[in-house]
Amino acid sequence: MPPLTRWYIKSALVYLAAALLLALVLALPQAAQLPSFIRYLNPAYFHLFLVGWVTQMIFGVIYWMFPIITRARPRGNEQIGWASYILLNAGLLLRVVGEPLNATRPEAAYGWLLVASALLQWLAAVCFVYLAWPRIKEKYRGE
Amino acid sequence: MPSLTRWYIRAAFIYLLLGFTVGALLLINKGIQLFPSLWRWLPVHIEFLLYGWVMQLTLGMAFWILPRYWQKPRRPKESYARAAFVLLNLGLWLVVAQAVLPVGRWALVAGKGLELGAVFCFALHAWRRIVSRQGP
Numbered sequence: 000m001p002p003l004t005r006w007y008i009k010s011a012l013v014y015l016a017a018a019l020l021l022a023l024v025l026a027l028p029q030a031a032q033l034p035s036f037i038r039y040l041n042p043a044y045f046h047l048f049l050v051g052w053v054t055q056m057i058f059g060v061i062y063w064m065f066p067i068i069t070r071a072r073p074r075g076n077e078q079i080g081w082a083s084y085i086l087l088n089a090g091l092l093l094r095v096v097g098e099p100l101n102a103t104r105p106e107a108a109y110g111w112l113l114v115a116s117a118l119l120q121w122l123a124a125v126c127f128v129y130l131a132w133p134r135i136k137e138k139y140r141g142e
Numbered sequence: 000m001p002s003l004t005r006w007y008i009r010a011a012f013i014y015l016l017l018g019f020t021v022g023a024l025l026l027i028n029k030g031i032q033l034f035p036s037l038w039r040w041l042p043v044h045i046e047f048l049l050y051g052w053v054m055q056l057t058l059g060m061a062f063w064i065l066p067r068y069w070q071k072p073r074r075p076k077e078s079y080a081r082a083a084f085v086l087l088n089l090g091l092w093l094v095v096a097q098a099v100l101p102v103g104r105w106a107l108v109a110g111k112g113l114e115l116g117a118v119f120c121f122a123l124h125a126w127r128r129i130v131s132r133q134g135p
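Chains A and B are the protein sequences, given in the same order.
Numbering that gives the first Met the number 0 numbers the first residue of the first sequence as 0 and each following residue consecutively.
Numbering that gives the first Met the number 0 numbers the first residue of the second sequence as 0 and each following residue consecutively.
Keep in mind that the hints are not guaranteed to be accurate.
Simulated pairs of lysine to any residue, SDA-like, Cα-Cα distance not exceeding 20 angstroms [said to hold, decoys possible]:
#	chain 1	residue 1	chain 2	residue 2
1	A	Lys136	B	Trp6
2	B	Lys111	B	Trp63
3	A	Lys138	B	Trp63
4	A	Lys136	B	Ala10
5	A	Lys138	B	Leu3
To be clear, the hints were calculated from the coordinates, so they are not data collected in a lab.
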């Protein structure tokens, strides 16, 4: 298992735990007197689960198991893979921080955190598809 | 990787890009209020990513890696898995059309019906491949 896949899968597991922890907190009754920003974290919960856990796990397994391109460069440009990993995680964490900040203080310029988060995650997907597309093939034939 | 899996996975990657593009626009809109009407596209974002990306990739991978038969055809009833691919994508676009075009609720019902049909077709293909080394 290549190092990038190990990072993807370990991160995915951390996000799964974080998403379920957040779900637990969101499920607490009103009487629990939670800080006000917590109730704005519902979209963050969905995205921790579906981007942080599901998509990241898929990326890691695809990077590991899809047919190789060549023996010399089996998984393509590894740096693009790392860029995708960093962009995806930076974008997702920025959203988790930015969403409640933007919701509780809309007069401040925290909305730009969401803009940055959106662009980082979009770039991560573009990088990953660019990296993995040539590996959607029958099998490595030794060329 | 068989030909049909390549179709499933290429389509899944395209939906990943479409879903992330719509999602990025929605998130940007949340941050700096570009077009309030953009929120109509939230069901499209969800449809592209849950059905177009996750479900389609899962079906494509299952078609590839579930145990194959010793005799040909190694993957039996492949036409059902092909039908599932067509039905899933037709259904998905009908659901998307209902969200953003003035086509009426029938498109949503028909779209979800086709997606359900895709699941049945794929199950008809895959059911007998879900076995251990000792058999069903």
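Lys136(A) paired with Ala10(B) [C-alpha distance capped at 20 angstroms] | Distance ~14 angstroms between Lys136(A) and Ala10(B) Cα, so the pair holds.
Restraint check for Lys136(A) with Trp6(B), where alpha carbons must lie at most 20 angstroms apart = 10 angstroms, holds
Regarding the pair Lys138(A) and Leu3(B), is the alpha-carbon distance no greater than 20 angstroms?
-> Holds - the C-alpha atoms of Leu3(B) and Lys138(A) are around 14 angstroms apart, at most 20 angstroms.
Mind checking the alpha carbons of Lys138(A) and Trp63(B) for me, to see if they're no more than 20 angstroms apart?
-> 12 angstroms, holds
Pairwise hint evaluation, Trp63(B) against Lys111(B), where the allowed Cα distance is 20 angstroms at most | 25 angstroms, violated
Violated hint: 2 only; the structure is consistent with all others.
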